[in-house]
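**Student:** Below are the chains, spelled out letter by letter.
Number of protein chains: 2
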Amino acid sequence: MTDIQIAQSVREKHIREIAAILEIPEEELEYYGSNKAKLPLHLIREDDVENGHLILVTAITPTPAGEGKTTTSIGLGDALNLSKKKTVVVLREPSLGPVFGIKGGAAGGGWSQVIPMVDINLHFTGDFHAIEKANNLLAALIDNNIQNKTRNLGIDPRTVIWKRCMDMNDRGLRNIVAALGGKAGGIPRETGFNITAASEIMAILCLSKSLEDLQEKCGNIYIGDTWDGKPVYARDLNAQGAMAVLLKDAIKPNLVQTLEGNPAIIHGGPFANIAQGTNSILATKMGLSLGDYVVTEAGFGADLGAEKFLNIKCREAGLSPKAVVLVATIRALKYHGGKALNELTQEDVEALKKGMPNLERHIKSLQSFGIPIVVSVNAFSSDTEAEKKTLLEHCKKLGVPAALSYGWADGGNGCVDLADLVVEAAAGCKGKYTPTYELRDSIRTKIEKVCSTIYGAKNVILTNKARAQMNRFERMGYGQLPVCIAKTQKSLSDDEKLLGRPENFEINIREFEIATGAGFIIPIAGNILRMPGLPATPSAEHITIDADGTISGLF
Amino acid sequence: MTDIQIAQSVREKHIREIAAILEIPEEELEYYGSNKAKLPLHLIREDDVENGHLILVTAITPTPAGEGKTTTSIGLGDALNLSKKKTVVVLREPSLGPVFGIKGGAAGGGWSQVIPMVDINLHFTGDFHAIEKANNLLAALIDNNIQNKTRNLGIDPRTVIWKRCMDMNDRGLRNIVAALGGKAGGIPRETGFNITAASEIMAILCLSKSLEDLQEKCGNIYIGDTWDGKPVYARDLNAQGAMAVLLKDAIKPNLVQTLEGNPAIIHGGPFANIAQGTNSILATKMGLSLGDYVVTEAGFGADLGAEKFLNIKCREAGLSPKAVVLVATIRALKYHGGKALNELTQEDVEALKKGMPNLERHIKSLQSFGIPIVVSVNAFSSDTEAEKKTLLEHCKKLGVPAALSYGWADGGNGCVDLADLVVEAAAGCKGKYTPTYELRDSIRTKIEKVCSTIYGAKNVILTNKARAQMNRFERMGYGQLPVCIAKTQKSLSDDEKLLGRPENFEINIREFEIATGAGFIIPIAGNILRMPGLPATPSAEHITIDADGTISGLF
Chain A
1 MTDIQIAQSV REKHIREIAA ILEIPEEELE YYGSNKAKLP LHLIREDDVE
51 NGHLILVTAI TPTPAGEGKT TTSIGLGDAL NLSKKKTVVV LREPSLGPVF
101 GIKGGAAGGG WSQVIPMVDI NLHFTGDFHA IEKANNLLAA LIDNNIQNKT
151 RNLGIDPRTV IWKRCMDMND RGLRNIVAAL GGKAGGIPRE TGFNITAASE
201 IMAILCLSKS LEDLQEKCGN IYIGDTWDGK PVYARDLNAQ GAMAVLLKDA
251 IKPNLVQTLE GNPAIIHGGP FANIAQGTNS ILATKMGLSL GDYVVTEAGF
301 GADLGAEKFL NIKCREAGLS PKAVVLVATI RALKYHGGKA LNELTQEDVE
351 ALKKGMPNLE RHIKSLQSFG IPIVVSVNAF SSDTEAEKKT LLEHCKKLGV
401 PAALSYGWAD GGNGCVDLAD LVVEAAAGCK GKYTPTYELR DSIRTKIEKV
451 CSTIYGAKNV ILTNKARAQM NRFERMGYGQ LPVCIAKTQK SLSDDEKLLG
501 RPENFEINIR EFEIATGAGF IIPIAGNILR MPGLPATPSA EHITIDADGT
551 ISGLF
Chain B
1 MTDIQIAQSV REKHIREIAA ILEIPEEELE YYGSNKAKLP LHLIREDDVE
51 NGHLILVTAI TPTPAGEGKT TTSIGLGDAL NLSKKKTVVV LREPSLGPVF
101 GIKGGAAGGG WSQVIPMVDI NLHFTGDFHA IEKANNLLAA LIDNNIQNKT
151 RNLGIDPRTV IWKRCMDMND RGLRNIVAAL GGKAGGIPRE TGFNITAASE
201 IMAILCLSKS LEDLQEKCGN IYIGDTWDGK PVYARDLNAQ GAMAVLLKDA
251 IKPNLVQTLE GNPAIIHGGP FANIAQGTNS ILATKMGLSL GDYVVTEAGF
301 GADLGAEKFL NIKCREAGLS PKAVVLVATI RALKYHGGKA LNELTQEDVE
351 ALKKGMPNLE RHIKSLQSFG IPIVVSVNAF SSDTEAEKKT LLEHCKKLGV
401 PAALSYGWAD GGNGCVDLAD LVVEAAAGCK GKYTPTYELR DSIRTKIEKV
451 CSTIYGAKNV ILTNKARAQM NRFERMGYGQ LPVCIAKTQK SLSDDEKLLG
501 RPENFEINIR EFEIATGAGF IIPIAGNILR MPGLPATPSA EHITIDADGT
551 ISGLF
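Chain order of the listed sequences is A and B. All residue numbers for the first sequence refer to full-length UniProt numbering, where the first residue is 1 and numbers rise by one. All residue numbers for the second sequence refer to full-length UniProt numbering, where the first residue is 1 and numbers rise by one.
Just so you know, not all the hints are guaranteed correct.
Which copy? The list can't say, so a pair holds if one copy fits it or any two copies do.
What the hints assert, rightly or not - Subject to a maximum C-alpha distance of 30 Å in a straight line, what follows is the list of computed DSSO-like cross-link-like pairs (lysine-lysine):
{"id": "1", "residue 1": "K183", "residue 2": "K103"}
{"id": "2", "residue 1": "K230", "residue 2": "K432"}
{"id": "3", "residue 1": "K86", "residue 2": "K183"}
{"id": "4", "residue 1": "K13", "residue 2": "K85"}
Don't read these hints as lab results, they were simulated from the structure. Since the model is a prediction, treat every value here as computed from it, not as a measurement.
Isolated chain A, as found in the complex (with noise of 0.2 Å):
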């Protein structure tokens, strides 16, 4: 069965009944259909915020394919409510554009799924649409503000970095000249659209802690210099409000449901390189406040996504994971032993233990946190019980409790051994996570720990241009933000070829980018797209939709 063929075949839950478990009110609910609701944020008390169990899901360094952190998420959480331990799995949203390039949703996988899967992998509640309309109209009150003689702020059209974005994959609107036109059009200049899972906005929803919070924060958006080389920022075009307005019920976590009847939260989904690649610090704690347990996860491997959940997220909203599941797969160890992607599923030990250094490095990066490490090796039915053995009696050798967890097969029931191990490690959790730097660390000195202690790197080196702008940064006071660095996914080194454990490697940081409204500064190692393209034949062209309204070609 496809996912959306196990998906439709569940009979679906009000979601009334879904709050029901949660004790939420009816009254509180702000539905969207029967499926879908919006949850106020006052339902947030920090006390029980700081009594839950916070898991976070995160994975070894990735094939092309993902390695199922999300579905091992959703299989873990019903596992746990199995287990009558009252849990919430906690998600990012998926970005409507890929749907359309290639096949397949962002929701989970078989029988561990989040429904409506049709909904969310599309408009959903519509917060990436609000997120686009804020960020755009931010765009075009600058350029109204460059156009207008009046309450002009002297901005110097080539400085300005602030882009438009559109959630769609649009290789056509990364490098535009807009403005055209003649005199009516405004002033002709060099720009594009980043999709809106890249945008500020986006990062900034997921790191605000209130709304007035989120206001204050586009208001710090720094869109460009004047032409005397001063830094303008939103608050000076008066944009922050409106931009909130448009936000108002964007910022509010949405409520859906999994396969097997269990509360999901799904909020906000940024970009894991260029942002912090996580759902939003109030979804989170909205789980926290509603559940005793919250499994969460974090894009990409853990180099990128588990660093940024706890040096940027978790150090910004006061929060600390009992435990982390580090998701690993028969499939991607051989991929690192050097076994090439079409050759996967035949059984070969000998490059899954070749492939063994990227898990290990990642527990060793994992371990520099100081919380309870669980491996859950996600099952695919290539994997044969030789492989099984090897990659179990390893993660014993090394220490770390490792279960098989088969979420897609089973769902909850596929996952009740891995969901043991994460209790069992949850409860000897011995306090906070220890950060990588502290924020007072100058930016380079922030660098240089995270590619060490993290991606295992001998030095980082700067591209000069690199340097004018961290100086530049400094200079104006931003040297106390977090990193959120930028690089491939691929490999735990800047160099996408290099798989496995690369050692002796140097990061290259070519440029910067700084994101003052959801407060982080970007360096920038490696290629980013930020606006993807469509494939030859994309899957929107084998979709149809019939008069009854069913789907196909869709997933």
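Given chain A, put chain B in place with the hints provided.
**Tutor:** Then chain B, alone, in the frame of chain A:
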């Protein structure tokens, strides 16, 4: 009191109470919060549509501030409900973009408003966002096809007329060069964005009779030509299925309420110059299925809105209004009589009399359709007794029933006289309306008939370019489509400075556009702005929201 203060002073009913008035079972409602719901299309019953009383509200040539069609429609609807006629007002959705330009919304005014007015003016139920995504997916598929060698249709990038769209007043997007950045960015070409209300997808959504029909219409969109001059349609890109999936919820009409707790359906919002300027066929049919009376409005003056409502929408839908309400204001008539915009609050019976020919011409034009007409004088506090008397006596002399209406000041109670005249007029309706032209007329004949019968023009002049385009459309097999003339709303002529009742004027058709998906030809008489800009000091700068969600500066 301001509009928003009035709106907030009223106790909003739960939308299920509004649905109960219309005997809609609760399980049929798709809630968007407690005050908005989408209605499933199967509630439409063609028998009820046939027997219902459809009342069209239109206006004389408006001043820049508008003459209050929406306010009159809502007040009239409330008044009919007071008279125990089960009435639904069916209106367009406002565009979000203009809200951040000039302060004020588009959901009625004073005591004749639809609520929740903030939501209705912002994201509402996400229909505009969905339209944007369907529009922009097609654009991405076009550029992707030009870029990729596989499945390449040989589209000549210079001929692509399909633009992207965004619901934002952003002049910088009006004219752009896209797909820059080298090989990976695509084939650079000139293009631009329309505001979402001006997109053909909006027109299609509003002219569709079902989801299947919508899908087919999306496939029929003409997007440009191949290098050897053959037309290319959205269906050649297999785009229509994915577009329809994106629009599967947007196609459902939205139920809200008036301040007096009566049902209102708000759905779709196409421009009234380059498109049909009225809510969706499905919303109108839904209203007629659920109520005995439907009050609806069409954009701008009767020359644009009413003409297109009848010759395009009603023809496509098989609808026919039982009465037309022509909204006039004493202010606007004085303006047509030569009074300056800033002097309209001064009594001036002579100017009023001099402006009367504008009203007369609209009455004459509307009479050509053979449906009963009622004049509604939308009262302002600056109107004097002498002026009111003059206007009503003039209407009496013309043999057209007329009433003062006070929807803004008094809601339904202020429109009872108007409601009585409307009920009487509808009862006297002799049958279906007579269209201005037949579909089998040539394109030129259709244009000429509209220009002479509705505008009172002497003749029509086509540029060479327009003639060539018209001939091509006929060769392409589109000679049978209705015409949707785009001209200024400020004059009956195509010269916005000709106020009152221009005589002996020519209409100049500069060029043509075609909307083969929506199904009309667009002769363009004048400069049509499809992407507005922001003013020097946008209202966005004054908008704030406080911690408890109270918005100020928006309305």
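**Student:** Hint compliance check: list the failing hint numbers for this structure, sorted ascending.
**Tutor:** The structure conflicts with hints 2 and 3, although it agrees with all the remaining ones.
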